[in-house]
Amino acid sequence: MQLAVNIAVLASIYALICCGYVLIYRVSRVLSLAHGELMLLGAYGLYATASLFKGHPLLALAAAAALALMVGAAVYLALMWRMTGESVLAAVLATIALGILLRGAMILVFGTQTQYPLRDLGWSNASVPVFGARISTVGLALVLATAAVYLGLFAFLRWTRWGIRMRAAGQHPLLAAQRGIGLHGVYALAWGLATFTGGMAGMLIACDAGLEGTLVIIGFKAFPAALVGGLDSLVGALVGSLVVAAAEVLLIHHVDPLLSDVVPFAVLLAMLAVRPWGLFGTREELDRV
Amino acid sequence: MRKLLCILALLAGAAHAQDAYVIGVSAAMTGPVAPNYAPVVEAMKAYLEHVDGRGGINGRKVRMVVLDDQAQPSRAATNAKQLLDQEKVPMLLNVSLSSTYAPMIAESKRTGVPLYFAGAVCPKETYPPADPLQFCSTAFGANLDSQAALAFVKAQAKDPVRIAFQAMAIPIARAEIDYAEGLSKTLGMTVVEKQISPPPAPDYTPFATKLVEAKPNWVWSWSPWVAQVRTFESMRRLGWNGKYLTWAHLNAEEELARIKDGDFYVVGTNAFLEDNLPVHAEIRAVAARAKLDYPVSYLTEGFVAGLVVEQALRNTPWPPTPQKVLAAMNNLKVDMKGLRGGPLEWTKDNHFRTKQYYRVWRWDRAGNRIVRAQDWQAIEVKR
Amino acid sequence: MSGYFRIRYSEDSALLDTRTQKAWFAAFLVALAVYPFFAGALWLDLANQVLLGSIGAVALMLLTGYAGQISLGHAGLLAAGAFTTGILCKELGAAFWLTLPASAAVGALLGLIFGLPSLRLRGLYLAVSTLALHFIVVFLGGEYETKRGFSTGIVIESPIASALGWYFALLAAAAATLLLALNLLRSRTGRAWRAVHGREAVAEALGISVQRAKLSAFVVSSTLTAVAGCLFAYFRGFVSAEAFSLYLTIQYVAMIIIGGMGSLLGALLGTAFVVLFPYVIDGGMRLLGVADRLASVVFAVNYAAFGLVMILFLVFEPQGLVGLWRRVQNWFQLWPFKQRPLAK
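Chains as they are written, first to last, in my numbering: chain G, 1 to 289; chain Z, 290 to 672; chain X, 673 to 1016.
Treat the hints as calculated values from the structure; they're not laboratory data. Fair warning: there could be bad hints in the mix.
Within a straight-line C-alpha distance of at most 25 Å, the following computed DSS-like cross-link-like pairs (lysine-lysine) qualify [as the list claims (entries may be wrong)]:
id : chain 1 : residue 1 : chain 2 : residue 2
1  : Z       : LYS443    : Z       : LYS483
2  : Z       : LYS443    : Z       : LYS644
3  : Z       : LYS413    : Z       : LYS447
4  : Z       : LYS580    : Z       : LYS334
5  : X       : LYS762    : Z       : LYS398
6  : Z       : LYS483    : X       : LYS819
7  : Z       : LYS398    : Z       : LYS413
8  : G       : LYS54     : Z       : LYS549
9  : Z       : LYS413    : X       : LYS1010
10 : Z       : LYS413    : Z       : LYS580
11 : Z       : LYS447    : Z       : LYS398
12 : Z       : LYS398    : Z       : LYS613
13 : Z       : LYS637    : Z       : LYS613
14 : Z       : LYS474    : X       : LYS819
15 : Z       : LYS613    : Z       : LYS377
16 : X       : LYS819    : Z       : LYS413
17 : Z       : LYS474    : Z       : LYS443
18 : Z       : LYS443    : Z       : LYS504
Predicted, not measured: the structure shown is a model, and the values here were computed from it.
Same shape as in the complex, but just chain G:
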């Protein structure tokens, strides 16, 4: 039972990070390898607002979330719009370079010391019993947040105007543009939402474990989960995260904890060999030049 809880928490972490990858890829066909750094930026945002709004933790959280949303849109409007239409490698490299730039800038502004935003918010991470196993409060928050985010995104993409616009732009940008959909606006929104969810993931992980530079690597570890599920499918992101998280936790428990580092990539390789577009992804030509 404890294993199931652990898998749920880990899968939630991965899923929350993955939906950022999926959103951006689905809408603009760009793989954002700066997602880890954007997660870290979101977490630092929380640290900053927590010290600013001392005594009002909910306000700090809301402010940090809004900040993440705006930063995502800003990243698109400042840089990524120039990379539309360029080759795949150039776009991916632009995101990698952006990640490096953000990392350097964050260290310049915030330093390298480990921070503890949860303490600054004034909350503590107690342990909660659930179905005979134990889960931490932040872990529970992670699971609930992931569920809320996914439900919200499903509803948004299916029933709201902007959501339909996003789906249209993702399916066929040319037709969508000719139909009157402002592609730049849609892409900016996608980046904003992706950074918002990634930032939330970063904030929650920072609350659980402390805020330091290694958060970025966790963003990277979630990347195979997105690919296994299919880079343009939200359902796929959920399923992929579950698969990878389950593989990790079960391997740690029954085989060897060291393998947990390599297993996501081994699963990814297997997936690429058998079904490159993932479990739920659209079967593409795999060529976007």
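Using the hints provided, position chains Z and X relative to the given structure of chain G.
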């Protein structure tokens, strides 16, 4: 960067420089691991400047040339080359991650200049029989730490010991925990679990789960602080109530106050600020003068290194050459002023220290302060 | 009409044709030969690093710039070469003339493995599969280190001791690599690569075996990279898994992007740029007078500046340094005109 600044300073202050003892340091001043090593260098620098202010060593000043290697082996190699070939230092120091050791050892062997490790774990070659050129004063002692830890566990335990181990998946930590596992069996303890976690793990709960399921009453963890403390916190959240023993890194004092758990023990060789020794006042004064912005509790290791360097250079007749410095270091006894359990002694055969002293601390919930769980225990460092 | 006519195919595919070119090249060779005797220790070391890096950069350029196969696993291949050397040195006490071909063989084998996904995948997915393979290789290297007790890395005796010796050895190696690359590109294989990069379907229709071309690109590139890894191991005198991080791959990719994709000169320029960049930043910081204040975070400044420069090149000068060089060349050659005439 500092290195070019220092070269300019060297050219500019040539007259003064000729009268100074010069030592070269390659350190992880910046980069992800810098918080563990930069304070050591800054404290050492501040102490040596303080010594200069008091009249210097044998009437001459001491100058430290610090080059940043960002914990990267290739940079450490370049720095070593520069320090040895351009600055021609008679003593080389390494205050950086263990992956930078190999290139600096190679350079030190090439030029015959002694290499002093002051930041990270002491390499096995400094234990007797010691490699002629490698010296070390850092608190960690491979194998010795586990010996001290397990001795403490045995002394404290009232019931049969069911022990579990935790390490981060870096070669040094794994080697130490493997040794501890073997040692614990000879001490009659039951080993119930050993967990190695990759750096970094998004969630330490899976590893903690495995550990908790094995129902240990003691856990010994020897790793970078993050792995040690997060595994502990995860285990507590899973409802485990046993005793957790771990190594006291630079930030141990601060963290004990943050965690506030009565069964969380740290074992280490450096005195805590809590003891309020006279030398701590000295450290505070030196830090204030140099305007260091690290917590004072982080500066002990650097101060120790500063004391060692001062003594070694004091025993080196002018003009200093690598051979004279080596001779001084081969026969060194440094008074630690209470920062360690006893004096640091180097001999021709032992470049680590002849005796390693350990203390154990924990947090006292009732009194809301750090208390000593065990006072200085000496372990002989033999072949 | 320039008065210079080619009457043989060999002249057409020659690397240097006019006398001026040959003269400049000879002068360049002389400059290279006497450089180490005039350069200080630091500059000699930097030159060595540039030469060593250029081998890997040329290999990556062949793969990504010419054959168009994206590979993010470059550091893994370097690690493979370095670890093969380390393992053979420690287990068998093997000498240089054994480890070098062994590293090349391991590189070729890995190239085959890294290249297999390219038969089915393109672009993004190919990049990701090479990334996954990189992590696996580095993990295996780390496991070897731990299991055999080399927790601080594998120390290797280098056959060459002095920086001067290394300079000439690396110069020879880099020249050999460059010559190999140039010859491959002038040959059928190189033309096949270019065709596959351009349009796979058309290349297939022309009778070029696309699979052969892609695999050969991976194998050649990986062999060269593994050899570079072997040289790395000897140059540094040790091997450790931490040295082969993703950041190393990114640096190599930056070298070919900043240098200019699709040009061997670009590979060389890019390598020089990336290796010298941190020192340029330090110099810049000193000039601006902020060196003291930012001394403790200089690595972050390096990071940020590196990212910024990459972005600037990607956005404003996709043809990289070679593109810039061509622009400068054009300006001087065409003056007082500005553009080359459209009609030939």
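Hints versus structure:
no.: 1; hint: Z:LYS443 to Z:LYS483; in the structure: 19 Å, holds
no.: 2; hint: Z:LYS443 to Z:LYS644; in the structure: 21 Å, holds
no.: 3; hint: Z:LYS413 to Z:LYS447; in the structure: 34 Å, violated
no.: 4; hint: Z:LYS580 to Z:LYS334; in the structure: 12 Å, holds
no.: 5; hint: X:LYS762 to Z:LYS398; in the structure: 19 Å, holds
no.: 6; hint: Z:LYS483 to X:LYS819; in the structure: 16 Å, holds
no.: 7; hint: Z:LYS398 to Z:LYS413; in the structure: 16 Å, holds
no.: 8; hint: G:LYS54 to Z:LYS549; in the structure: 23 Å, holds
no.: 9; hint: Z:LYS413 to X:LYS1010; in the structure: 68 Å, violated
no.: 10; hint: Z:LYS413 to Z:LYS580; in the structure: 36 Å, violated
no.: 11; hint: Z:LYS447 to Z:LYS398; in the structure: 50 Å, violated
no.: 12; hint: Z:LYS398 to Z:LYS613; in the structure: 16 Å, holds
no.: 13; hint: Z:LYS637 to Z:LYS613; in the structure: 14 Å, holds
no.: 14; hint: Z:LYS474 to X:LYS819; in the structure: 21 Å, holds
no.: 15; hint: Z:LYS613 to Z:LYS377; in the structure: 14 Å, holds
no.: 16; hint: X:LYS819 to Z:LYS413; in the structure: 17 Å, holds
no.: 17; hint: Z:LYS474 to Z:LYS443; in the structure: 12 Å, holds
no.: 18; hint: Z:LYS443 to Z:LYS504; in the structure: 18 Å, holds
Checked against the numbered hints given earlier, this structure breaks hints 3, 9, 10 and 11; the rest are met.
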